[in-house]
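Asker: From first to last, the protein sequence lines are chains A and B.
At position 112 of the first sequence (counting the first as 1) the number is 159 in the numbering used here, and the numbers step up by one without a gap.
At position 78 of the second sequence (counting the first as 1) the number is 82 in the numbering used here, and the numbers step up by one without a gap.
Read the hints as simulated data drawn from the structure, not as lab findings.
Beta carbons are placed, not taken as given, at the ideal position from N, Cα and C, and that holds for glycine.
Hints are not guaranteed to be accurate.
[Claimed, not checked] DSS-like mimics (lysine-lysine), calculated; alpha carbons at most 27 Å apart, straight line:
#1 LYS71/A - LYS18/B
#2 LYS138/B - LYS107/B
#3 LYS151/A - LYS14/B
#4 LYS79/A - LYS123/A
#5 LYS179/A - LYS71/A
#6 LYS89/B - LYS123/A
#7 LYS107/B - LYS151/A
#8 LYS18/B - LYS79/A
#9 LYS107/B - LYS64/A
#10 LYS71/A - LYS14/B
#11 LYS123/A - LYS113/B
#12 LYS123/A - LYS138/B
#13 LYS89/B - LYS85/A
#14 LYS64/A - LYS18/B
#15 LYS107/B - LYS85/A
#16 LYS205/A - LYS64/A
[As the list claims (entries may be wrong)] Partial pick of chain B residues on the chain A-facing surface, computed with a CB cut under 8 Å:
#17 LEU22
#18 MET30
#19 LEU36
#20 MET154
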Amino acid sequence: MTKEESNTDDKQIKINKWDYLALKNTLDDAVKEVLITKYNHVEDYSLIDCRLFICTFAVLVAAFALGWDFFNPFPKSRFVLTVCVALYFITMGAITLYTTYMEKGIFAVTLERDESGFNPDVVWEASSYIKKHTGTYCLTVVRKDSVGGDIREREITKSVANYFDEEGTLCQDVIENEVTKVREAVLKLKKIE
Amino acid sequence: MFDGFLDDLKRMNKRQFLYQVLSFGMIVSSALMIWKGLMVFTGSESPIVVVLSGSMEPAFHRGDLLFLTNYEEEPVRVGEIVVFKIEGRDIPIVHRVLKIHEKNNGTIKFLTKGDNNSVDDRGLYAPGQHWLEKSDMVGRARGFLPYVGMVTILMNEYPKIKFAVLACLGLYVLVHRE
Numbered sequence: 048m049t050k051e052e053s054n055t056d057d058k059q060i061k062i063n064k065w066d067y068l069a070l071k072n073t074l075d076d077a078v079k080e081v082l083i084t085k086y087n088h089v090e091d092y093s094l095i096d097c098r099l100f101i102c103t104f105a106v107l108v109a110a111f112a113l114g115w116d117f118f119n120p121f122p123k124s125r126f127v128l129t130v131c132v133a134l135y136f137i138t139m140g141a142i143t144l145y146t147t148y149m150e151k152g153i154f155a156v157t158l159e160r161d162e163s164g165f166n167p168d169v170v171w172e173a174s175s176y177i178k179k180h181t182g183t184y185c186l187t188v189v190r191k192d193s194v195g196g197d198i199r200e201r202e203i204t205k206s207v208a209n210y211f212d213e214e215g216t217l218c219q220d221v222i223e224n225e226v227t228k229v230r231e232a233v234l235k236l237k238k239i240e
Numbered sequence: 005m006f007d008g009f010l011d012d013l014k015r016m017n018k019r020q021f022l023y024q025v026l027s028f029g030m031i032v033s034s035a036l037m038i039w040k041g042l043m044v045f046t047g048s049e050s051p052i053v054v055v056l057s058g059s060m061e062p063a064f065h066r067g068d069l070l071f072l073t074n075y076e077e078e079p080v081r082v083g084e085i086v087v088f089k090i091e092g093r094d095i096p097i098v099h100r101v102l103k104i105h106e107k108n109n110g111t112i113k114f115l116t117k118g119d120n121n122s123v124d125d126r127g128l129y130a131p132g133q134h135w136l137e138k139s140d141m142v143g144r145a146r147g148f149l150p151y152v153g154m155v156t157i158l159m160n161e162y163p164k165i166k167f168a169v170l171a172c173l174g175l176y177v178l179v180h181r182e
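Extracted from the complex, chain B is given alone in its bound form:
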C-alpha cells in the first residue's frame, strides 16, 4: 500500500496539482485568518496564551489556556490579571496588577506580582525599568481552559514531536487527493 502512496500525485494533471497545493494553502490560511480575526476582535496581539509557569498558582496552573482582550476604553485596575511583554524576553508574563498610578490624561504606570511569588516583579523587568506602561500590555485575562495548553508545552519542550506532527499532517494533505 505504501509504494502506491505517491501514485495519486503522479497521476494528477497540472490543474489538479495546483488545486492540491492551493487547498493546502487554504488550510494554512484559514487557521491564520481565524487567528488574525481574533486579534482584531479582541484588540490583543496574542488573544490566546498558555500559562508556562506556576507563578500564578492557585489561580492558574501550568498548561492553562488563557483568553485575552485588550480594549482601549477599559481601564486597568488593581487586582486584575494582565499579560505583558518585557524587552529582552521572548515570552510574555501573566501576573496580577499590584499598584497603579493613573494620570488625568489616561496614561498609566503599574506594578505587577505573581500570586505565588514572594516579591513583586521589579526584578523581572528590564534593567532600570520600575513600572509597566499600557504599551507593554498584551491583554488581560478574560477566561481560561485548564490543561489544554499542556499540548503546546509538550510540543515546545520536544520540538521533534512538533515537527513530526506538522510534517505528517502537511504531507497527508499534499499527497492525499481531495
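Just chain A, with the same shape it has in the complex:
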C-alpha cells in the first residue's frame, strides 16, 4: 500500500509496530469498525459486558475487604476477611475460565439486522490471535444464523506486514478489503485465496 493513500485518511492510526499487542488491538478494532460501518452491523456488547461485570465484582470484593478491615481491625475482621479472600480468588478463577472458554479470543460480536424484520438477527463473531514470533495475524469470522442453525466459519491468516506500512501506520483500505473478502467467503463458503 502506498503511503499517500493512507495519508488521505485524516484519522490514520500509527502504532509501535514492534509491540504485538498493539498490532493485535489495532487490527481487531479496525475489523470491528469495518463490520459496523460498512455492513451496518449492530455491536452486541453482552460478551464483554459480562466480563466487565465479573471484574467489577472482584474489585468491589477487594474494596469491601479493605474497608471492613479498616473499620474493624484485624482479629475482629477475621471471618469477613476469610470470606472475601475466598470469594475473590474464586472470582479470579471465574474470569480465567470465562476468557478461556466463553470469549476464546472473540473481540467483536455484531448483529446483522434482517431488513424485513421478519427473521432473527444473524450473529457475526470475529476472533483473532497473533502467533508469537511469527507476526501472522489469524482472523476467524463466524456467521451464526439461527434459522436452520446455519454456522459458517472462515479463517484468514496473513502477516501483519500486509496491514501496516513501514512506519507502523495502519492501512485501513487493506483491512477493509480483507474483511470484505472473508465476509464474501463466509457467505459463499468458498476458499480464500
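Assemble the complex: chain A is given as a structure, and chain B must be docked to it using the hints.
Answerer: Below, chain B alone, put in the same frame as chain A:
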C-alpha cells in the same frame, strides 16, 4: 515514539477504557487480597515484616525479611523472638522474650530484650508500662530471608524513589493496553 504514548488510550472506546481501569484495579486488589489471605492464614495482622535495626544481631540484621505467625493456641515461651507493638510508636519491634509470667487462665505478661542491646526493653515501652501482654503481640518469627528487606528500607528512606516507581508502574499499566 513518546508522542504516540497516549494514542492507545485515546483510541479506546468506553468499554475498553473501563476494562483498562478494572485491570489496574485487579492488579492492586490481587496484591491486597494475597496480603489479607496471609493475615487470615497466619493469624498475624502483619505476616511479613522487615528488620529495621541492628538490635537483634547476630540473629537478624538490618534488611532481613521475617515471616510471622500468631496462632492463639501456641503459648509464648522464653527465648522466642516476638514482634510487638507499643502505644505511641508506629513501627513494631522485633526482640527476644526474656521473662514471662503465666496465669492459670492463660493470660501472660512478658518482658523482652534485644540480643544486641545491653538492657531490657522497659525503657522502650510506653511510660508506666512494665510488661507486654498478648494483645501487644503482632506475631512470632518463624522464618527469615536475608537482605530482601533492604529494598523496603531504601524506599522508606528515600520516599521519592518509592513514589517514582509506583507512578511509573501505575502509568504503564493504565496506558498500556492489554
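Asker: Given the proposed pairing of LYS151/A with LYS14/B, does the C-alpha separation stay at or below 27 Å?
Answerer: holds, 26 Å
Asker: Can the hint on LEU22/B be confirmed by a CB-to-CB distance to chain A that is less than 8 Å?
Answerer: At about 6 Å, which falls below the 8 Å cut-off, the nearest Cβ of chain A leaves the hint on LEU22/B intact, so it holds.
Asker: The hint names MET154/B as touching chain A; please verify it with the least Cβ-Cβ distance against 8 Å.
Answerer: Status violated, d = 27 Å.
Asker: Less than 8 Å between beta-carbons is the criterion; does MET30/B satisfy it with respect to chain A?
Answerer: holds, 6 Å
Asker: LYS71/A and LYS14/B: Cα distance at most 27 Å?
Answerer: holds, 17 Å
Asker: If you draw a straight line from the CA of LYS107/B to the CA of LYS85/A, is it 27 Å or shorter?
Answerer: violated, 83 Å
Asker: Check the hint pairing LYS89/B with LYS123/A against an upper bound of 27 Å on the C-alpha distance.
Answerer: Measuring from Cα to Cα gives roughly 18 Å; hence the hint holds.
Asker: Mind checking the alpha carbons of LYS179/A and LYS71/A for me, to see if they're no more than 27 Å apart?
Answerer: holds, 11 Å
Asker: Taking 27 Å as the top limit, are the C-alpha atoms of LYS18/B and LYS79/A close enough?
Answerer: holds, 15 Å
Asker: For a C-alpha distance cap of 27 Å, please report whether LYS123/A and LYS113/B respect it.
Answerer: holds, 22 Å
Asker: Check the hint pairing LYS107/B with LYS64/A against an upper bound of 27 Å on the C-alpha distance.
Answerer: violated, 72 Å
Asker: CA of LYS205/A to CA of LYS64/A, is that 27 Å or under?
Answerer: holds, 15 Å
When each numbered hint is compared with the structure, violations occur for hints 4, 7, 9, 13, 15, 20.
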